[in-house]
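Visitor: Use these hints to put chain P onto chain R, whose structure you have.
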Amino acid sequence: MDGGKAVMSEKTEISIWFFCGILMLAYGVVLIATGIMEFNHPPANEVLLPFLKELHPTLWWGVFLTAVGGFYSVVFRPGKQ
Amino acid sequence: MHAVATLALWMDGRQLTKLAPVDILILVLYFVLVVFVGFYAKGKANTSEDFFLAGREMTAWIAGLSFVSANLGSLELMGWAGAAYQYGILAAHWYWIGAIPAMLFLGIVMMPFYYISKTHSVPGYLQLRFGEGARALSAVSFAIMTILMSGVNMYAMAVVMQTVLGWNITFSIWVGAGTVALYVMLGGLRSAIINEVLQFVLIWAGAALIPILGLIEAGGWTNLKAQIATNLGSSDYTHMWTTLGSFKDNPMGVHWTGIVFGLGFVISFGYWTTDFLVVQRVLSANNLRAAKMAPVIGAAFKMAVPFIVILPGLLALAVLKNPDGSTMHLVAGSVAKATGQHAYDEVLPLMLIRYCGPGLLGLGITALVAGFMSGMAGNVSAFSTVWTYDIYGAFFNKTASDKHYVAMGRWSTVIGMLVSIGTAYLVMNASSIMDYVQALFSFFIAPLFGTVILGMLWKRATKAGGFWGLLAGTAASIGMWAWVQRSPDALRFIALSPNAQSMAENLYRALWSWLICVVVTVVVSLVTKATPIAELSGLVYGATPIPDDGATTLWQKPLFWACVVITVFFVLNLIFW
Numbered sequence: 010m011d012g013g014k015a016v017m018s019e020k021t022e023i024s025i026w027f028f029c030g031i032l033m034l035a036y037g038v039v040l041i042a043t044g045i046m047e048f049n050h051p052p053a054n055e056v057l058l059p060f061l062k063e064l065h066p067t068l069w070w071g072v073f074l075t076a077v078g079g080f081y082s083v084v085f086r087p088g089k090q
Numbered sequence: 278m279h280a281v282a283t284l285a286l287w288m289d290g291r292q293l294t295k296l297a298p299v300d301i302l303i304l305v306l307y308f309v310l311v312v313f314v315g316f317y318a319k320g321k322a323n324t325s326e327d328f329f330l331a332g333r334e335m336t337a338w339i340a341g342l343s344f345v346s347a348n349l350g351s352l353e354l355m356g357w358a359g360a361a362y363q364y365g366i367l368a369a370h371w372y373w374i375g376a377i378p379a380m381l382f383l384g385i386v387m388m389p390f391y392y393i394s395k396t397h398s399v400p401g402y403l404q405l406r407f408g409e410g411a412r413a414l415s416a417v418s419f420a421i422m423t424i425l426m427s428g429v430n431m432y433a434m435a436v437v438m439q440t441v442l443g444w445n446i447t448f449s450i451w452v453g454a455g456t457v458a459l460y461v462m463l464g465g466l467r468s469a470i471i472n473e474v475l476q477f478v479l480i481w482a483g484a485a486l487i488p489i490l491g492l493i494e495a496g497g498w499t500n501l502k503a504q505i506a507t508n509l510g511s512s513d514y515t516h517m518w519t520t521l522g523s524f525k526d527n528p529m530g531v532h533w534t535g536i537v538f539g540l541g542f543v544i545s546f547g548y549w550t551t552d553f554l555v556v557q558r559v560l561s562a563n564n565l566r567a568a569k570m571a572p573v574i575g576a577a578f579k580m581a582v583p584f585i586v587i588l589p590g591l592l593a594l595a596v597l598k599n600p601d602g603s604t605m606h607l608v609a610g611s612v613a614k615a616t617g618q619h620a621y622d623e624v625l626p627l628m629l630i631r632y633c634g635p636g637l638l639g640l641g642i643t644a645l646v647a648g649f650m651s652g653m654a655g656n657v658s659a660f661s662t663v664w665t666y667d668i669y670g671a672f673f674n675k676t677a678s679d680k681h682y683v684a685m686g687r688w689s690t691v692i693g694m695l696v697s698i699g700t701a702y703l704v705m706n707a708s709s710i711m712d713y714v715q716a717l718f719s720f721f722i723a724p725l726f727g728t729v730i731l732g733m734l735w736k737r738a739t740k741a742g743g744f745w746g747l748l749a750g751t752a753a754s755i756g757m758w759a760w761v762q763r764s765p766d767a768l769r770f771i772a773l774s775p776n777a778q779s780m781a782e783n784l785y786r787a788l789w790s791w792l793i794c795v796v797v798t799v800v801v802s803l804v805t806k807a808t809p810i811a812e813l814s815g816l817v818y819g820a821t822p823i824p825d826d827g828a829t830t831l832w833q834k835p836l837f838w839a840c841v842v843i844t845v846f847f848v849l850n851l852i853f854w
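Residue numbers (this note's numbering), protein chains in the order written: chain R, 10 to 90; chain P, 278 to 854.
Next up, chain R with everything else stripped away, as it sits in the complex (with noise of 0.2 Å):
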């Protein structure tokens, strides 16, 4: 996609992507150890909602925004042509 380029002038240069990569990376990475932490202590909605439980939808959420982040945060780091 052409947003791949940094979209600054030419001393720039963090592109838009990097951004949301590198969020989605931290995020992941909290919602993994969160995911984790909630495998023997389920939160109250889990408990209310027994197929909730079965899913970990934290921890799941959590490895798909790091995949996603951090695909996006290596392709556009800063300084990559």
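These aren't lab readings, by the way, just hints derived from the structure by calculation. Warning: the hint list may mix true and false statements.
Stated by the list, open to error - Derived pair list, reagent style DMTMM-like, types lysine to aspartate or glutamate, alpha-carbon separation capped at 20 Å:
#1 P/Lys598 to P/Asp679
#2 P/Lys740 to P/Asp826
#3 P/Lys319 to R/Glu63
#4 R/Lys62 to P/Glu494
#5 P/Lys736 to P/Glu812
#6 P/Lys395 to P/Asp766
Keep in mind it's a predicted model, so treat the numbers as computed, not measured.
Guide: Using the frame of chain R, we list chain P on its own:
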């Protein structure tokens, strides 16, 4: 059972839930990055072109996502989720027929004129086409509307924070407004656009789990429809078109003519093609092809937004339960205040709390905050541009230096935000956020679309015609609104049916005001002296050679992708017919 009891306690209390430390960490990370972006973009905002149009350096993808994100404010997230609960899938019309055709029309037909005229704003285009009178009228009405809209966003955010987390309304308003003012003041449109793209991604990351988990709980779309039909005793809530043959047959009290002509044509085209808040994002594109592609890309993403806004509202009709297991019934805000029940507009937070534990809850709340801040930033950056270029620079100080205008842009950002804060406190007395916003749309946007579209497509339209048409349309809209406020029975005349409800009034008021604008513009133009063709070059279809956009392959052509998007649009309408 302790956890269940705790959850029930939250649901019964004044606040719905509370944030865990991990939720606060997620929220803080977002605010830190947003402010960092503001300081980062400050070094790139030295000239007025940089500050107000992001240097016209944005790619089609970035301009397109920003174009959609600027519209993802309180109206989108809270209001339409609540509307979906109240009116069913009819609310999706505001995303599909109420957006997609207009966005594509902007990209394919109108963008070349905006772009090659090198205008910095929509009022700026009106000045080139119709002179200073039309610009002044448009700029002043736009400035008022954006400030009011920004106030609406602020108030909505504060209410969410109070309802969900028990936060003080004043605290939420000032923290949200202060952050937005800081990053827009520092980096101008560039900062706003970076944050809008960031916010768009975050909104999806935070909100997409609600419909996914909701559909799993409901057992899929077919089961969801069956449950809604059982709970409400009607299948009208899951059909988009079959119930629109009569005002009486659908929960919204509208007729298909109002949806197609009032919403799909006038309101939608007015908003997406002439509201500078969204058009400004596309003007930042780095070339003509990017400017044409940006609305097409925006339209593709816009079609997907009902998944995270409308579907949660529908899911709530089927799955939301009281602590005792009975079906929960949400009510209008005014009733909720009296009875202690939850209001329609609370449906999204309620669904968020239902499915999201610590961490995910923080992400969802951050997504809501991001959506609100995106809306505020869009309004304040557009206000700053129109104030500086089309009011201050046009009527108060025409000869100042570029540096002076950048400084004025920064100051007007701060002052605009302060006025918005005042508006937010005023909005607290409005009965419904949705009605308020709809009223604003039809005051200004519908007539403005009449003026702009005639200006772009009809060479014979004159300066006097443009000005008087715009004035008459706006005055008629305000007059009809005041008429219904004073005498609610007047609605039957405006919507042409005694069965029409308030939403229909907005649609037909927009339609009438647009028609009045068009008729007055045409009549006045025909009795005044035509503008020489030479003066219309670059501004009007038929008097302007459209430059080649540089596309060489089918995949690069905006028209091809517009055809793809409109095909998907028709398919979606047929699926949910």
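Visitor: The structure should be examined with respect to each hint, and the outcome stated for every one.
Guide: Tested hints:
1. Restraint check for P/Lys598 and P/Asp679: not satisfied, since their Cα atoms lie roughly 59 Å apart, outside the 20 Å limit.
2. Simply put, P/Lys740 and P/Asp826 have alpha-carbon atoms about 30 Å apart, too far for the 20 Å limit, and the pair is violated.
3. For the hint linking P/Lys319 to R/Glu63, the alpha-carbon distance of about 47 Å lies beyond 20 Å, and the restraint is violated.
4. With a CA separation close to 12 Å, the supplied pair R/Lys62 and P/Glu494 stays within the 20 Å bound.
5. Between P/Lys736 and P/Glu812, the direct Cα distance comes to roughly 10 Å. Compliance with the 20 Å bound is thereby established for this hinted pair.
6. A threshold of 20 Å between alpha carbons decides the hint, and for P/Lys395 with P/Asp766 the separation of about 47 Å lies outside it, so the pair is violated.
Of the numbered hints stated above, those contradicted by the structure are hints 1, 2, 3 and 6, listed in ascending order.
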